[in-house]
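Visitor: Each chain is listed here by its residues.
Protein chains: 2
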Amino acid sequence: MASVQDITVSASINLLSALAFLLAFAFLRLQPFNDRVYFPKWYKKGIRASPRRSGPMMKKFINLDFRTYLKFWNWMPAALRMPEPELIDHAGLDSAVYVRIYLLGLKIFVPIAILAFAVLVPVNWTGSTLDDIKDLTYSNIDKLSISNVPSGSIRLVAHIIMAYVFTFWTCYVLYKEYQIITNKRLQFLASEKRRPDQFTVLVRNVPSDPDESVSEHVEHFFCVNHPDHYLSHQVVYNANKLAKLVEDKMSLNNWLTYYQTRFERNPKKRPRTKTGFWGLWGKNVDAIDYYTEEIEKISKEEAAERETVMSDPKAIVPAAFVSFKSRWGAAVCAQTQQSSNPTLWLTEWAPEPRDVYWNNLAIPYVELTVKKLLMAAAMFFLTFFFMIPIAFVQSLASIDGIKKVFPFLKTLIEKESVKSIVQGFLPGIVLKIFLAFLPTILMTMSKVEGHTSLSSLDRRSAGKYHLFLIVNVFFGSIITGAAFQQLQKFLNQSPSEIPRTVGVAIPMKATFFITYIMVDGWAGIAAEILRLVPLIIYHLKNTFLVKTEKDREQAMDPGCIAFPTSEPRIQLYFMLGLVYAVVTPFILPFIIVFFAFAYVVFRHQIINVYDQKYESAATFWPDVHRRVIIGLIISQLLLLGLLSTKNAAQSTPLLLVLPVLTIWFHRFCKGRFESAFVKFPLQEAMVKDTLEKATEPNLNLKAYLQDAYVHPVFKGVEINRPSVIDDEENNPLVSTKRKSGKVSKASSRGGSP
Amino acid sequence: MASVQDITVSASINLLSALAFLLAFAFLRLQPFNDRVYFPKWYKKGIRASPRRSGPMMKKFINLDFRTYLKFWNWMPAALRMPEPELIDHAGLDSAVYVRIYLLGLKIFVPIAILAFAVLVPVNWTGSTLDDIKDLTYSNIDKLSISNVPSGSIRLVAHIIMAYVFTFWTCYVLYKEYQIITNKRLQFLASEKRRPDQFTVLVRNVPSDPDESVSEHVEHFFCVNHPDHYLSHQVVYNANKLAKLVEDKMSLNNWLTYYQTRFERNPKKRPRTKTGFWGLWGKNVDAIDYYTEEIEKISKEEAAERETVMSDPKAIVPAAFVSFKSRWGAAVCAQTQQSSNPTLWLTEWAPEPRDVYWNNLAIPYVELTVKKLLMAAAMFFLTFFFMIPIAFVQSLASIDGIKKVFPFLKTLIEKESVKSIVQGFLPGIVLKIFLAFLPTILMTMSKVEGHTSLSSLDRRSAGKYHLFLIVNVFFGSIITGAAFQQLQKFLNQSPSEIPRTVGVAIPMKATFFITYIMVDGWAGIAAEILRLVPLIIYHLKNTFLVKTEKDREQAMDPGCIAFPTSEPRIQLYFMLGLVYAVVTPFILPFIIVFFAFAYVVFRHQIINVYDQKYESAATFWPDVHRRVIIGLIISQLLLLGLLSTKNAAQSTPLLLVLPVLTIWFHRFCKGRFESAFVKFPLQEAMVKDTLEKATEPNLNLKAYLQDAYVHPVFKGVEINRPSVIDDEENNPLVSTKRKSGKVSKASSRGGSP
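Respectively, the protein sequence lines represent chains A and B.
Count the first sequence with full-length UniProt numbering and you get residues 1 to 753, in order.
Count the second sequence with full-length UniProt numbering and you get residues 1 to 753, in order.
Check the hints yourself; a few may be wrong.
Intra- or inter-copy, both count: the list cannot distinguish identical chains.
Lysine-lysine pairs mimicking DSS-like chemistry, simulated, CA-CA at most 30 angstroms apart [unchecked claim]:
hint, residue 1, residue 2
1, Lys297, Lys541
2, Lys372, Lys176
3, Lys679, Lys372
4, Lys693, Lys325
Treat the hints as calculated values from the structure; they're not laboratory data.
All values reported here derive from a predicted model rather than from experimental measurement.
My request is simple: use the sequences and hints to build the entire structure.
Guide: In C-alpha cells form, the structure reads like this:
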C-alpha cells in the first residue's frame, strides 16, 4: 500500500504533466496557423474563415500579441459561459448531453464526498484498528478507510446508513437527470426543423416476389396497407463495391496531389514511385503519370460499376426507405407490425441520412440471429480469454522469439541494455497495441451484428467495451490474475463467497485506483485537449496535399466524441466512486477533480472542435443510466461482501434490500422514461403535422424527400476537384519560411485549370 | 431405492384406481340425470336440452339399455374422432391448443423413448458397475440407468451424443409446433366474425384535466390524434361496490329459494333461520319473511348505488374503451405510443368484453410498479420460505397445541388411537390445505399486480405456480429439505458445484418420480374426468335451488381448464422426461402413458364439459414454449453436473454448448413467432376491413359497439328471477321417488311460455 507521500508524489507528477499539456495547448491554440486544429467547428459552420486578410503577414501565422498569452487560461470560463440552449443549438443535443454525464458525476459525488468526509472519515479515523497492528504496513490513507474500523464494531452502522444515503442520493440524482434529459430530447425533437427522417421509415426484409421487382412490391404493399399516408419510397442499392472504388479513387487522387505538389516545389526532378504497396515495392515508375493513369482506369471501372448498380435489378437489396405524407403516418408505420410474419416487412424509424450504415441493410433474419449468437460467444471469449493470444504473442515477442524470426538482429538484441528494454517493454507494448485495437475490434463485432445506423453501432460497441472494462480493468485490478483465471475462481466459489473475496480486496486497492485516476483521468483529459495527433496530421496534410480551400476544409479533422470508448471509461469512474464512497472516501476528491476538469475540457471541445457525424438526440442516455445503476449494484454487493468479513453478517439482509430496491428503481425509470428514447408519440407528430399544414400549405414534400436517402456514392458524383484551384496560402506552416516565393507561385498558378 | 416389484405393485394400485374412476365415470355418464354434469357444454350451446320428452319416464333418469354399458369405453374414440378444425370451432382455440400441449409431449417423448431404449438401455445394462458393488442396495431399474455405467467409461459418449440428439429433436418439435400454433392463431383471428374487441383499444392512465371530464378529455384527445379513425368511446365506472351488492343479492335470493322450496315440500311448518353468519347464530326469525325483507333492503341500496355511480363524475375511473372506425385504426392505436409521457394515455388492445378484469383498470403508474415490487418479494418468500409458517401451524396442530386451545378435547385426543392419527395425519393435512389454497394465493398476487384481463391473470399465475413447482416439487424432491435450506446450501456452494450436487441425486430419485407420475398423473387425470365435486354440487343445487329451467342452467358448473394450475403441472412432466431421458430412460413410458391418457381425457372434457370463460386465441403458447425450454436447459445443466461426477469432466465444454444453443434457439423462436401473439399486423387488419367494407357497406358500427364494453352489473339489471316461477322437474334425482306428482306437473307446464 502506498503512503500519503507516494500519492503526493504521483499526484504532483500527474498534475505537472497535465499542466504541461494545458500550457502547451494554451500556447498552441493562440497561434493562428493552428486555428483550424483548435477551432475547426467554427470553420465547418462557416463562421470563421482563413485567411484573415487584414493585418500584417506574420500575424497570420504567429500570435505576437503577448497580452493574450497572459490570459492563457481564459478558454475555461469561455467554455463554461455558453448557456446550454445555445450549446444544444451550436453542437447538437448528443454533445450537450454527453458533457452532462460529467456534470452528473459532479452532482452525485460532491454531496457524497462532503457527507463521507463529515461522517465516515471521523468514524474510520478514530477506529484505530490499524494502530494496534504494528507489524503490518499501512499508510495514513488506510486509516481513513473502513479497514481501520474493528470487526463487528458498532461503528459499521454508520457505513450501512451511509450506503443507504448514498444509494438514495444517487438514485434521486439519476431520476432527476433522466427527467431533464427526456424533456430536453422531447423539446429538441419538437423544435427540430423539417427533416427527411421525420417522414421516413426504414423497411427491411422485403419478401421476394416472382412477379414484381422490390420497388413495385414495396409500393404496392404500402399503397394497400397505408393508403392514406404512403407518399413515396427509395430503394437501396447494394453499392458496397462502388463505394470501395470511390474510396480507392480518393486515395489515388491524394497521392497524385502529393506528387504534383512535390514536383511543383522542385520542378527539376519528376518524382518517381514503386507500384507495390504504399510505394515500397515493385517497379519504379514516374509517379505523376502512374497515378494519372491509375485514376483514369479506376474512373472507368467506377462508371461501369455505377451503370451496373443502377440498371441491374439484382443490385437492389430487399430494403427500402418508405416516406409518408405526414409525420403521423411515419410514426404509425415505424411502431406497428406490418405482416403476420414478424420477420418480413420489418419497419423501424429511419435514421438520419448521414447516420445510415448502408452495408447492413440487407441481412436476412436467420443470418442475423446466427451472427448475433456468434458475436455473443466471441464477446465472451474476448472478455475472459483475451489474455491467452496476447500471452502467446508476448512469448513470440521475447528475446528468443525475435532471434528465431529475425536472426540478423541477434547481435543487437543480445546487448544487455537492448535485452532489458526488449524484455521489460515488449510485453507491455504488445498489450498496449491490443488495447489500442480493441475499440476497432468491438466496432467490427457490432457491425457483424447487423445494426443499421452508426449511432446504434456506437451504442453497442460502448456496451461491449463497458463489459470489457468491468471484467478486465475493475475486477482484473482488484483480483490480480487474468480474467479466465478469475472466471475459474468464481465458478469454484459459492455465490455468497464471491462478493466476500472481492470485497476484502477492495480497500487495499484504493491507492492503486487513485493513481489510475490521475494517470488515465487527469493527464488523459489534458492530452485530449492538446489534440497532438490531429495537430501533426493537419500540418502534414496542409504541407503536402492542400491545394484549394476545399482541400484545407478536408484536411481539417475535427473528430468527434469517441462515444464507444469514452463513455464506458466515464462509467468506470462512476463505479470507482460508488464502490469507494463507503469504503475509502479519500478517493472521492480525485474523482471529483476528474469530473470537473473533464467537464470543462469536453465543453470546450464540443464548442470549438468536434463535428459530430450524426445527431441521435441523446438516444444513448438509457444506456448511460443503466450503466451507472450497474455500478451502483456492484458497489452494494461488494460492500455486502466486505461487511460480512467484518463480523457484521447480521447486516446482510439489511444490505440485500439495497440491490433489490435499486433494480426496482431501474425498472421504474425504464418504464417512466425509456420509451421517449425508443418510440415516437403520435401526439407530438400530430402537433408538428398540423402546424406545418397551417404554415406551409403548399409544401411539395415529395420533391423534398426525393433524394434524401440516396447512398452517398450516388450523391458524390462531383467528388472530382473543382476546376478553379485556389491555392493561395496552402501551406502557412512552411510558407512562412519562403514568403517571397509564395506570391509568384500563387500568380503563376492562377491560370492553371 | 424401490425395486421392480415395488414399482409393479404401485403401478397396479394406481392403474386399478384409475380404472375404478374410469368405470365409475363410464357408468355415471350414461345416466340421463347426470347428463348436465357430463355434457354441460352441449346444453350451454343449446344443442342438447332436458327433458327428453320421448320414451318411458324411467329412462329419463336411469339408463336401462344394457348394451350401452358394454361399450363404456367408447367415449375415448369419440373424443379422438372430432377433427381439429371442428374442435376449434366447437371449443375455441384456447382449448384446442391446450390439448395440443399433451400432444406435444407425445411428439417429443415417443421418439426419444424409442431411441433411448434402443441405444441407452443396452449401454447402461451392460455397464455392470452395480454388479460389482454387492453391499449397496440397488434395483433392476438402476441397472437400466446411467448409475450402472462405470466412471470415466467410454460408454458415456453414448449419453453425450444422445443428449445432443434429444435436444435437437425437442427443439425441432418445439419449432414445428410453434409454427403450427402461430398459423392456427393467425387463421383463427382472420376467420373470426366481427367482434367488439377488434375495433377497440383499452386506454388507461387518462390524465386528469381541470376543465374537462374524463369522457370529454378522451374524446378530444382521440379526435385530435386519430382524426380519421376515432369512432366512439365507453368510460369505465368504478362499480366494484355495486358488483358486491349484486352478488350479495344473488346469494340472498338463493337462500330465499331454498326456504321457499322447503316450505313448499312441507307446507305445515314455516322454516325459521337465525340472522347471524350462515344462519348459525343470532335471533331466530321466520326465514322466508326475513330473506324477502333483506332482498328488498339490498335492492333499494343497489338502486341508490347504481344511481350514484351513473351520475357521480368521481365514479368514472381514468380509463376508457376507445373504439375505432376500422380494425386498422384500432391496430395502429394499440401499438403506438400516444403521448410523450409514456405513463399517460397507455393503449393496449382491449381484451374480449368477458375477459376484462374490471377492478384493475384504474391503477396509477407509480402504484403499479410498487405493487409489482412487493409481489416479486412476496413471491420470493412464498417460494423459498413457505415451509416456515406451515411448520408453525403444524406445531400448533400437534397434540399439545390442541390441548392448549381446546382443553375440552383433552380426554379425547389422549386416547392412543386418536393421538396417533393426529400426530400422523395432521401435519400432512395442514400442508395439503396450504397447497390447495396455493393457486388462490397466487391468483390474488397476480390480481394485485394489476393485470387487466382474466387471461393475463391466468398466465401470470401459471408462471408463479411453475416457479413454485420447480423449486419445491422438483428440486425439493431431489434434494430433500425445505426450499430455504436448499437456498442456503446453494448460496454456500460454488456455481459449478450446484449441478453436481443435484445431478448426483437425480438417478436415485427415478423411482420416486415414477410413483409420483402414477399418483399425480394417472389417477389424477382419471379423477378429473369423473368430476366428483361438480357432480355432487349439481345434484345438491338441483334438489334445493332449481325452480326454473334457467336456474338449472345456472346450477350446471361446466368449469373450465384450470390453466394456472394444470399447465405448470404438465411442464413438470416435460421437465421430468427431459431430465431422465438420458439418465434413466425407464421413466419415459410412464410419462408417455400420462400424456396419451391426459390427451384423450382432456379432449373429451373440452368437447363435452368445459365452458371457457374467455377466448384468448392461444396467447399462452409463448409461455408454454418458454417453460419447455427452461426444462430442457435444467436437464442439460443437471446432466453436465452428473457427468462431471462420473470422471467425465472433459465432456463439460461439449455439454456447455447445449444450453447456449438452446437459449439461442429460444431467442430465435421468440423473434420469429412471438410477435404473432403480442402484436397485430396491419396487413391482416386491412384485409378484414376491406372485405367488410365490400360485403357490408351500410354497417352501423357505432350501434354495434354501443354497449359492448359496459360493466356486467349494468347489463345484468334483469338478474331478478323471471316472474313465472316454473318449478316442474326441479328435482329429477329425488323426483324418481314421486313419479306420480311429476306427470301432472309436466302437463301443467305445457301451457307456460
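Visitor: With identical chains, the pair Lys679 and Lys372 could be close in the same copy or across copies; at 30 angstroms between alpha carbons, which is it: within, between, both, or neither?
Guide: Cα proximity of Lys679 and Lys372: in one copy and across copies (24 angstroms, 24 angstroms).
Visitor: From the Cα coordinates, with 30 angstroms as the cut-off, is the pair Lys372 and Lys176 best called within, between, both, or neither?
Guide: Between copies, since 23 angstroms is at most 30 angstroms while 35 angstroms is not.
Visitor: Measure nothing new, just compare the shortest in-copy and cross-copy C-alpha distances for Lys297 and Lys541 to 30 angstroms and report within, between, both or neither.
Guide: within (25 angstroms within a copy, 96 angstroms between copies)
Visitor: Which holds for Lys693 with Lys325 at a C-alpha limit of 30 angstroms: within a copy, between copies, both or neither?
Guide: both (11 angstroms within a copy, 24 angstroms between copies)
Of the numbered hints listed earlier, not one is contradicted by the structure.
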